[in-house]
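Chain B: place on chain A using the hints.
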Amino acid sequence: MIEIRFHGRGGQGAVIASKALAIAFFHEGKHVQAFPSFGVERRGAPVTAFTRVDDHPIRLRNFIYTPDHIIILDATLIASANVTEGLKKNGWILINTDAAPSKFRNLSKFRVATVDADSIAVEYKLGTPTSPIVNTAILGAFSKIAGIVSLDSVLEGIRDTVPSNKAGNASAAKEASLRVLT
Amino acid sequence: MIKVMIGNHAVSYGVMLSRVQVIPAYPITPQTSIVEELSEFCADGHLNARFIKVESEHSAMACCIGASAAGARTFTATSSQGLALMHEMLHWATGARLPIVMANVNRALGPPWNIWNDQTDSLSQRDTGWLQFYCESNQEVLDTVIQSFKISEEVLLPTMLVLDAFFLSHTAEAVDVPDAQDVDRYLPRYQARYRLDVDNPHSFGNLATPEYYQGFRNKIQDDMIRARTVAKKADEDFESIFHRSYGFTEAYQCEGADLILVTSGTVVSTSRIVIDELRKEGRKVGLLKIRMFRPFPFDDVIGALKDAKKVAVLDRAISFGHSGIFAQEIMSAMYNQPSKPLIYSYITGLGGLDVTPRIITDIINDACERDIPPQESIWIGGKS
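Those protein sequence lines, which keep their order, are chains A and B.
Per the working numbering, the first sequence starts with residue 1, numbered consecutively.
Per the working numbering, the second sequence starts with residue 1, numbered consecutively.
The reader is advised that the hints may include incorrect statements.
Claimed, not checked - The calculated DMTMM-like cross-link candidates involving lysine to aspartate or glutamate, where the alpha carbons are at most 20 Å apart (straight line), are:
#1 B:K3 with A:D160
#2 A:K166 with A:D152
#3 B:K3 with A:D54
#4 B:K3 with A:D152
#5 A:K30 with B:D176
The hints are simulated quantities; they were obtained by calculation from the structure and are not laboratory data.
The shape of chain A in the complex, shown without the other chains:
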């Protein structure tokens, strides 16, 4: 079983990202489960979402405490929440930021990757320049670094889940897969 945890803020699309990623794995024949941990649903509030993937039907129905990988849609969460809690050794931390992975010295015991998903989302007119919707870009980057789900499958997942501008969202994912830094 592979468990992935998303940390974002309301409005960035973390919940849709967890579902799009699940559908990507589903297209590759896996059993999947995706769900959010809702708090008070409002723009800007911290949101956690989860994706589980397995070769067998998934019977576990509780939160993810020891994820294999972590995807952070808003880098300011690193300071305010214990986002790496329970992360397994050799797990990826993918962060939406314009900084290089080497800037995150306190995370050096994990594998860190970064991608400037904000800029990519703005470029493809996803959300607004002040509140870009970064979920699809970050999934493209995740596909590239983790190597456990193909970019084509991620694009399928995006097409199935995003409500509008499907072409722009797909392009953002492709672009991010090229611009992710490790």
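Using the frame of chain A, we list chain B on its own:
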């Protein structure tokens, strides 16, 4: 067609496939996306139904009652405070013998304010005369919607199907969506036996003197009992077309079990993993899932539990001043049996508290170690 969808949308697809004709609804978290999706189905022509926006849940159920009395297949969905506000009308739907189907997403009641999973809302409606089914997966949710109409329209009593907040309502997983023609074959268009009709006027809901009133109540009970036979056939017929069935209960690894854990909803799913692990260690433990709560499946429960030494009931609700509600029901079912297990009541998972494999294991170990069940329920987890 297999589709990855959240539990709420599994409800919506079940309703669409059942060709429901009237949907009066009022939004409440975490139910809202059920009726949002249905309003889309109505707007884009996938479902030919009247979607009626109302000003409260009390009105939603009143509107269901009117539509169902007029002979329409009728559905609504709610949660928590919304269900509580419907309470008066739930009794009316039963007394008026209307086959309304409602999805309730289990959510805690306030205060303190809480939007997460808790079975107190639906269990508080235990005595309103609605059939109740508790679901474990999104597939079971979709299938149970369709079965519910089949059963309700035969026994002329309403059905509430129940799913866990977030752990099903907002969890996406693969669901096999049945073909519309197959569902039409299983559940033909609704033909009401009795309905409001200006060309054939009857009196509905008028006064009944005591002796007649009791007679009417007795008929409701008779049909609730008959609902067991009807629900069994509905499940068997469902299996013959769709190759899936669920039963009223499911005994998992109960053969030769000294201790059986009893629970419902998504906790059943996680408990299966725990039972498998403990069986691997050589522990004689099993699991009983309760799917149908009303009418209560006495024979299935007694059959599954009578040979166990101990039974641990995990309740996601509490009847204040007594104990877990499922625990009370299991105790009363076993009381007159010549051989019966000791029955332990555990309370956990209230207000969305995550019921982990660790918590489930702790409950099983606690019941194994205690010689005599305490009179009070045992609370597991949470902070004071």
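Here is how each hint holds up against the structure:
| no. | hint | result |
| --- | --- | --- |
| 1 | B:K3 with A:D160 | holds (10 Å) |
| 2 | A:K166 with A:D152 | holds (14 Å) |
| 3 | B:K3 with A:D54 | holds (17 Å) |
| 4 | B:K3 with A:D152 | holds (18 Å) |
| 5 | A:K30 with B:D176 | holds (15 Å) |
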